[in-house]
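J.: In the order they appear, the protein sequences are chains U and A.
Just so we're aligned: 249 in this note's numbering is position 249 of the first sequence, and the numbers increase by one with no gaps anywhere.
If you want this note's numbering, it's the position in the second sequence, counting the first as 1, plus 741.
Hints are computed from structural coordinates only; laboratory data are not their basis.
Backbone N, C-alpha and C define an ideal beta-carbon position, used for all residues, glycine too.
Be aware that a few hints might be false.
Said to hold, decoys possible - Mimicking SDA-like on lysine to any residue, the simulated pairs with C-alpha atoms at most 20 Å apart in a straight line are: (1) U/K167 - U/E542; (2) A/K788 - A/H868; (3) U/K321 - A/H868; (4) A/K799 - U/A255; (5) U/K705 - A/N970; (6) U/K242 - A/D761; (7) U/K242 - A/E810; (8) A/K799 - U/G665; (9) U/K109 - U/Q120; (10) A/K804 - U/G690; (11) U/K47 - A/D882; (12) A/K799 - U/K109; (13) A/K788 - U/K459; (14) U/K336 - U/A235; (15) A/K915 - U/Y52; (16) U/K658 - A/F806; (17) U/K109 - A/F806; (18) U/K125 - U/P513; (19) U/K658 - U/E542; (20) U/K459 - U/S427; (21) U/K47 - A/Q910; (22) A/K959 - U/K109; (23) U/K646 - A/N970; (24) U/K705 - A/D787; (25) A/K804 - U/A255; (26) A/K915 - U/N50; (27) A/K799 - U/Y52; (28) A/K804 - U/T641; (29) U/K666 - A/D951; (30) U/K109 - U/M514; (31) U/K167 - U/P380; (32) A/K959 - A/N970; (33) U/K47 - A/P807; (34) U/K125 - U/D516; (35) U/K737 - U/G665; (36) U/K109 - A/D882; (37) U/K705 - A/P880.
To be verified - Here are a few chain U residues that sit away from chain A, every Cβ distance over 12 Å (derived from the structure): (38) G333; (39) A423; (40) P432.
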Amino acid sequence: MKIDRRSFLALAVGGAAGTALTPLPWKLTDDSSIWSQNWPWTPVPEKGENSYAFTSCTLCPGGCGLMVRMVGERAVKIEGLEGHPVNDGGVCVLGLSGLQLLYGSTRVKTPLKRVGKRGQGHWKKISWEAALAEVAEKLGQLRDDNQSHTVACITGSKHGTIPALFKRFMTVYGSPNVMTTPSVGDTLEMALQVMHGVEAQAGYDVENADYILSFGSGLIEGWGAPVRMFRANSAWRENGTKVVQVEPRLSNTAAKSDQWIPINPGTEAALAMGIAHVMMKESLVNNDFVESYTEGYTGWKKMVLDEYAPEKVASITGIDKMVIVKVAREFAGAGKPLALCGRGNGETPGSLAEAMAVHTVNALVGNINQEGGVVAVPIPEYAAWPETGLDNTAQIGMAKDRVDGAGSDAFPLAASLLNRFAAGAMSAKDYPVNALLVSGTNPVYSTPGANDFKKAVEKIPFVVSFSSYMDETAMQADLILPNHVYLERYEDIPVMAGLQKPMVELTQPVVFPMHDTKNAGDAIIELSNAMGGSIGDAFPWESYEACLEETLGDKWDVLSEDGLWEDEAFQPAGWGEAFATASGKFEFMNPDMDLMPSYVPLNLEGNASTFPLLLMPFDSMRLASGFISDPPFVIKAVEDTILKGKDACVEVNPATAKSLGLADGKPATLSTPKGEARVRIYHYHGIMPGVVAIPRGLGHSADDKYMAGKGVNFNELIGPVEDRASGLDMAWGVRAKLAKA
Amino acid sequence: MKEAQGHNKNKKFGMVIDLDKCTGCGACMVACMAENNVPFREDESDKQLGTAWMRVYKMTNGKPFPETEVCYIPRPCMHCEGHGGHSPCVSVCPATATDYDNHTGIVSQIYTRCFGCRYCMAACPYHARVFNWWDPVWPADMEKMLNPDVSVRMRGVVEKCSFCYHRYQRAMEKAYYEERQEIEEDEYQTSCTQACPAGAIAFGDLNNPDHAVHQLVKPDNRHGGRPKNPHAFRLLERLGTNPKVYYLSSREWVIRAGDNYVKNEKTGAGGH
Ligand code: SF4
Ligand code: SF4
Ligand code: SF4
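Construct the complete structure from the given sequences, taking the supplied hints into account.
T.: And the structure:
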């Protein structure tokens, strides 16, 4: 019998009148409602055995432990794993929506070969054999022509076996051009390299600090391991830790802080130097540390005393002189003060001098490698396989200069400079880029100067994507070799997000692969075998799982059992042993490299008369801005002050809006030297007059209708600005203009 | 199951949300959607048409830069008790599709009885109820993630937060199999409470002095559940809806925003 809507209504009313009189238990009513809703147009979820499967999230660098509720073979809900050291049961909007990525319509279901023009989205399904054979043939041809170095590869994370397999492949193949997705972590690593002389990531003991001074870090907006930071923030509320947020805009972090100090955009380093000035001038520094364990202090101190007096810093930053002095005194007077940097969620590297400036504020109070301070955490380097021989071609290729200039005389500290890749590939100064492999990242969307990046990719004759999703970069590919999504695969995740201890997690499959996909690790092993010779020899493993198990060694047992390996015994090195610089001490400056913690003003693109406003991005936990697009649940949770219809909202101070005649809620055109976009005006008192802000994470053009065509991609409105010291992108904003649409 | 607890004291499940801790991240909203098979559409930016059970509102103190302050306020259904179970919405429903359960204090919504007149939506002062203007669509394989414990709704019915009632049923069933009369505090927690990365939400039995919710707000049951903690408040307290969702805040302007105070009137927090 087919029940239509009308007859159903009659049924329901009758049923209601009956049951209202009888005290039927709730369970029964609910059961009957499930039964009576068995119409063709609403699905009835299949029942099955309830269980939980455990894994780790990979959707951001945060490394949350997950438990996935299973009903039979179906994964029905992602929940945070209780007791996990990172997230202890909590989980973010994106993590919660992971099943929509697994089951959603953006999956690439089989290997695909482009048939139409680039970006048109016309594809032909091909077999894995045919796809791998084609890549092997194209790359083999380039190698035969001694062009191996013209192949580039971009991976997401820097660490772990998957990026290591790609790097190994590129090395034995013969190309130095391996790039990774940048973040402030790169800048902080460089700062530690220069000032500590060690290769380490910066860890922050936020749980034990009792005074937090944040230079624009979005502590509850995705910075570090997001859920860990949320938990820390709640603990600060409870234990009275003071949080001071320095930022031009009232972000959520600023809103939750005890003191918000609005600052002129981009002048955070000047404030750090001003604070250092006050601390040194008033002798509020940790004398033991400064006198016995540091080098170059006297010279640097003189420079800071000469150049960063509070009056001057006040005029640069727009912060009242007395506020600067007071914060410096409070910071120095706190029991365990800690200064943090990395704007927003930390996805942009920022200036090295600035990271160093903030680091010296920490050094002055002697919190380096101390409880509640900054810890140099060694990078777990287990994916170090024995060297295999490089054949002649590979040796020649590996000796070539990199397209992005990383590691060159100009940028000796850099290992990868993705921000310089587009220009390098476009100019083809030394050589063109003839092929590109992309895995675990979506640079066509997420690189500042996204349009230029896309043009550069369009010029590359052969592009291979390993993406699980039809994202912007996959759209530009000639071949897609789709990876399993994280819920279908094994992968090790060294967690690099500011934790105080080395930690590795294991992502484990919770469901069988839905489609004809392959772990990128297997794909690369099979590709190497197809290419044979010294390339094949470098990959002796029969599968990625075998490789993972062997590589992790004794960590494997722990990881496969607990999903997590922590270096329990890790203790930060004492000051006597911590520094491996030439002096064996903490170095305030490095004269050889002309590097010094300081304020380096940024020359923003565009001139002030055409573009009178400053445009900055902001990050929201309700939007993913990295390689994952926002699934429907995330989009549903986005506020209507961020996205309205198809328009992104631009935050404008009502005073600024009034002077420009821009009414709240009205459409407008936002233009920068890089491009323009239709936006909607949102009057927000929390943003500094003259500054306007839009969210990162909108404006996708690929994926499906739930994600694409919403708002503007901030990366299309800004270009990278090269930091001369590091080579990394130091841009925090761009000049802009707003006009009625 | 109700029978089984008949001789026990009635429960009064409620929620306490610490607005000092809440970061506005929205995880509670999505945890709710994922748990309760809440559908989604292509354009979700018209919040009036949306179907989110839990919604996080952004409030500001209205002051100009740089005196501006922002606070987020998550809003599930308040499961109003009114006087003796006369919740505003329950009182107006002609179909008895929504009911106040005296054993748990939970306001139910029985979709099959609802015929979509939307009186309850008009009656609810908290905009906690939403209407299904469209049939739900789960693209691609997304039907696979539907929770079998929660019925899927169809066009034409009203829905709202149930305090994840099915989780209570599950916990009670488990207790029953294990021959227990009672469930522990942590055996029944709502999906939003569990997910909140800030640990800002507490959930439990307001009648049970051992439960966190009771200790946080110290409800005065002789005075309609009014909080004795001066930093705790309920939305539109003086309307007499007697809600079971409480908020905590150390900011006076936030507490004031929770109700219609006249200009110089004092809130319970005594001002600071
Ligand atoms: S914070 Fe990062 S790791 Fe944690 S659930 Fe969210 S996306 Fe996943
Ligand atoms: S999940 Fe928690 S912190 Fe996030 S909005 Fe909801 S209550 Fe606030
Ligand atoms: S909040 Fe609204 S829907 Fe919920 S019980 Fe109160 S009146 Fe009814």
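J.: Take the hints in turn and mark each one as holding or not.
T.: Taking the hints in turn, this is what the structure says about them:
1. The hinted pair formed by U/K167 and U/E542 meets the criterion: a straight-line CA distance of about 18 Å does not exceed 20 Å.
2. In summary, the hint linking A/K788 to A/H868 is supported, as the alpha carbons are separated by about 11 Å, within the 20 Å threshold.
3. Using a Cα cut-off of 20 Å, the hinted pair U/K321 and A/H868 is violated, with the two alpha carbons roughly 47 Å apart.
4. Using a Cα cut-off of 20 Å, the hinted pair A/K799 and U/A255 holds, with the two alpha carbons roughly 11 Å apart.
5. For the proposed pair U/K705 and A/N970, the alpha carbon gap of about 48 Å is over 20 Å, so the pair is violated.
6. Taking the CA atoms of U/K242 and A/D761, the gap is near 13 Å; set against the 20 Å cutoff, the hint holds.
7. Restraint check: the Cα-Cα separation between U/K242 and A/E810 comes to about 17 Å, which is no more than 20 Å; the hinted pair holds.
8. Taken as a hint, the A/K799 and U/G665 pair is honoured in the structure, with Cα atoms around 16 Å apart against an allowance of 20 Å.
9. The hinted pair formed by U/K109 and U/Q120 meets the criterion: a straight-line CA distance of about 18 Å does not exceed 20 Å.
10. Taking the CA atoms of A/K804 and U/G690, the gap is near 18 Å; set against the 20 Å cutoff, the hint holds.
11. For the hint pairing U/K47 with A/D882, the CA-to-CA distance comes to about 16 Å; that is within 20 Å, so the pair holds.
12. Our distance criterion of 20 Å between C-alpha atoms is broken by A/K799 and U/K109, whose separation comes to about 40 Å.
13. With a C-alpha separation of about 43 Å, the suggested pairing of A/K788 with U/K459 is violated against the 20 Å cut-off.
14. With a C-alpha separation of about 15 Å, the suggested pair U/K336 and U/A235 falls inside the 20 Å cut-off, and the hint holds.
15. About 16 Å separates the Cα atoms of A/K915 and U/Y52, which keeps this hinted pair within 20 Å; it holds.
16. Restraint check: the Cα-Cα separation between U/K658 and A/F806 comes to about 14 Å, which is no more than 20 Å; the hinted pair holds.
17. Note on U/K109 and A/F806: the hinted pairing is violated, with a Cα-Cα distance of about 50 Å set against a maximum of 20 Å.
18. Between U/K125 and U/P513 the alpha-carbon distance is near 18 Å, which keeps this suggested pair within the 20 Å criterion.
19. A threshold of 20 Å between alpha carbons decides the hint, and for U/K658 with U/E542 the separation of about 66 Å lies outside it, so the pair is violated.
20. Between U/K459 and U/S427 the CA atoms are separated by roughly 11 Å; this keeps the pair inside 20 Å, and the hint holds.
21. Of the pairs offered as hints, the one joining U/K47 and A/Q910 holds, with about 16 Å between alpha carbons and a cut-off of 20 Å not exceeded.
22. Between the alpha carbons of A/K959 and U/K109 the distance comes to roughly 55 Å, so the proposed pair goes past 20 Å and is violated.
23. A distance of roughly 44 Å separates the Cα atoms of U/K646 and A/N970; the hinted pair therefore is violated under the 20 Å criterion.
24. At most 20 Å may separate the alpha-carbon atoms for a hinted pair to count; U/K705 and A/D787 meet this at roughly 16 Å.
25. For the hint pairing A/K804 with U/A255, the CA-to-CA distance comes to about 13 Å; that is within 20 Å, so the pair holds.
26. For the given pair, A/K915 sits about 13 Å from U/N50 by alpha-carbon distance, which is consistent with the 20 Å threshold.
27. Note on A/K799 and U/Y52: the hinted pairing is violated, with a Cα-Cα distance of about 35 Å set against a maximum of 20 Å.
28. With a C-alpha separation of about 18 Å, the suggested pairing of A/K804 with U/T641 holds against the 20 Å cut-off.
29. The hinted pair formed by U/K666 and A/D951 fails the criterion: a straight-line CA distance of about 52 Å is larger than 20 Å.
30. With a C-alpha separation of about 8 Å, the suggested pairing of U/K109 with U/M514 holds against the 20 Å cut-off.
31. The hinted pair formed by U/K167 and U/P380 meets the criterion: a straight-line CA distance of about 16 Å does not exceed 20 Å.
32. A threshold of 20 Å between alpha carbons decides the hint, and for A/K959 with A/N970 the separation of about 6 Å falls inside it, so the pair holds.
33. For the given pair, U/K47 sits about 54 Å from A/P807 by alpha-carbon distance, which is inconsistent with the 20 Å threshold.
34. Taking the CA atoms of U/K125 and U/D516, the gap is near 10 Å; set against the 20 Å cutoff, the hint holds.
35. Between U/K737 and U/G665, the direct Cα distance comes to roughly 17 Å. Compliance with the 20 Å bound is thereby established for this hinted pair.
36. Distance restraint check for U/K109 and A/D882: the Cα-Cα separation of roughly 12 Å lies within the 20 Å cut-off, and the hinted pair is therefore satisfied.
37. Of the supplied pair hints, the one linking U/K705 and A/P880 holds, its CA atoms being roughly 11 Å apart against a limit of 20 Å.
38. Distance check on U/G333: its Cβ is at least 24 Å (rounded) from any Cβ of chain A, clearing the 12 Å threshold; non-interface status holds.
39. Every Cβ of chain A is farther than 12 Å from the Cβ of U/A423; the closest lies at roughly 37 Å, confirming the non-interface assignment.
40. Every CB of chain A is more than 12 Å from the CB of U/P432 (nearest about 39 Å), matching its label as outside the interface.
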